[in-house]
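Asks: Chain residues, written in single-letter form:
2 protein chains.
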Amino acid sequence: MERPLILVINDDGIDAPGLRSLIDTIREIGKVVVVAPDIARSGTGHAITVRDPLRFEQIVKEDNYEEYSCNGTPVDCVKLAENVILKRKPDILLSGIKHGSNASVSIIYSGTMAAVIEGSLADIPSVGFSLLDYSLDADFSACEKFVKNITLAVLKNGLASGVCLNVNIPAVNGAHIKGVKVCRQARGVWNEQFDEQKDPRNNSYYWLKGEFQMLDNGQDTDEWALNNNYVSIVPVHVDLTAHHAISSMKKWEFNA
Amino acid sequence: MERPLILVINDDGIDAPGLRSLIDTIREIGKVVVVAPDIARSGTGHAITVRDPLRFEQIVKEDNYEEYSCNGTPVDCVKLAENVILKRKPDILLSGIKHGSNASVSIIYSGTMAAVIEGSLADIPSVGFSLLDYSLDADFSACEKFVKNITLAVLKNGLASGVCLNVNIPAVNGAHIKGVKVCRQARGVWNEQFDEQKDPRNNSYYWLKGEFQMLDNGQDTDEWALNNNYVSIVPVHVDLTAHHAISSMKKWEFNA
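Here the protein sequences line up with chains A and B, keeping their order.
Be aware that the first sequence starts at 172, since it is given in the working numbering, and climbs by one per residue.
Be aware that the second sequence starts at 172, since it is given in the working numbering, and climbs by one per residue.
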């Protein structure tokens, strides 16, 4: 049987240790093609590049393994892989491992998960992995087992059309992780406090920084699972319709 | 009574005619503060700027009217407005008028709608307006009536917590618009065909281009409404959980 074709993307850039951890874990499972941004592209959300040309170059070519670096966003990387780089549709798309959480509302800012959503739009079963440790020297050793098992489970079971997975892994020693929970996205919000500074000409500039605030007490959420040392898996889709709001709004008078 | 405070954002940049049309329509309704990107930021999705400092400058200051230009994305503009520029929480956030559609799946790539979603996360009733005409000299005259009526309806009725509105307006003469429909987001996808070109050193570069493909025959969608000369309103929220997928996935064996 042909080895499954695994497309690997990330948003921390091609040199990120989290990407290397993901690659090391999955090379034994299939043929791996990595298409990653040349620099860190964290927080790019679902951005695409329309005003500048895109470029990519092949960095590594071995048996069952290729690596490409691209000047675009994670979503650009997916589109280039699908349409230009790969000769056939991948059997699975894996994104990450992100340095830092993509649980709760962080998903909407996330380049890692944007790549995953883009994969699902092309009907590729797609999974994003994030470790709850932002540091560059994060320890990814606890991730290996879960990345492998979840990847194999998706290759075996498939995913419903339009559904992809957001997997977050607590930053604790693997022995303390209690298992895997399938969850819903917790309600939460990032509250910003901008850091104002002055340049040499005395003009103000601002650094964005924020603090996550939970707005959800449910025990069926990703945040609850992570806080209780479970790996969280949220099945994600791209229908943003607030279906519950449609009927009440139909009564509004717009032409008053 | 104090005039409502209206925060205006866009993603086509501070000079875009669509923004000017929106401003002209709503200045009579309230105190307007515009915080817009200094250049076009179309297709930036929910990107935020974390690796570069943010700057803004006041361009116009009049009675009940202020305008600021910012070097960030539409979402950065919302965060700066909320946390640095405005002295109180706005009564409503309006984004647009976008040159081009944000119906169906285009919402996930849209900077216009990312600003709207960001507003709703801060509990500000938020509405995005888009006209289905990408050209710079699009005719926004048909929008005026709908922008005004929908803005007034939201100021009067409010929006449920976490819900914001995605309004798209067909590019036809106003006399041909049949009315307003509250809809769900149509299923659809952008299919890419990259345009490959060569630079003077004979290296390839690629322009992203795509074609929208409908995957939905429903008559309750935004695409149906727009194709039938209605203004579409989709109530939007940021819970990306595919709730229908949770129960079947709970049966998966992840620890095999």
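Warning: the hint list may mix true and false statements.
Which copy is meant is left open, so a pair is good if it fits within one copy or across any two.
[As the list claims (entries may be wrong)] Simulated crosslink set (SDA-like; lysine to any residue; CA at most 20 Å straight-line):
# : residue 1 : residue 2
1 : K380      : I185
2 : K319      : G329
3 : K380      : L176
4 : K327      : K421
5 : K327      : S418
6 : K352      : A416
These are computed hints drawn from the structure, not numbers from a lab.
Asks: What label fits K380 with I185 when the C-alpha limit is 20 Å: within, between, both, or neither?
Replies: neither (25 Å within a copy, 25 Å between copies)
Asks: When Cα atoms must be at most 20 Å apart, do K352 and A416 count as within-copy, between-copy, both, or neither?
Replies: between (29 Å within a copy, 13 Å between copies)
Asks: State whether the alpha carbon distance between K327 and S418 is at most 20 Å within one copy, between copies, both, or neither.
Replies: between (39 Å within a copy, 17 Å between copies)
Asks: Checking K380 and L176: alpha-carbon separation at most 20 Å within a copy, between copies, both or neither?
Replies: neither (38 Å within a copy, 26 Å between copies)
Asks: Using 20 Å as the alpha-carbon threshold, which applies to K319 and G329: within, between, both, or neither?
Replies: This pair counts as within: shortest intra-copy Cα distance 15 Å, inter-copy 47 Å.
Asks: If the cut is 20 Å between Cα atoms, do K327 and K421 qualify within a copy, between copies, both or neither?
Replies: So K327 and K421 pass the 20 Å test across copies only (15 Å; inside, 43 Å).
Hints 1, 3, counting from the list given before, are not met by this structure.
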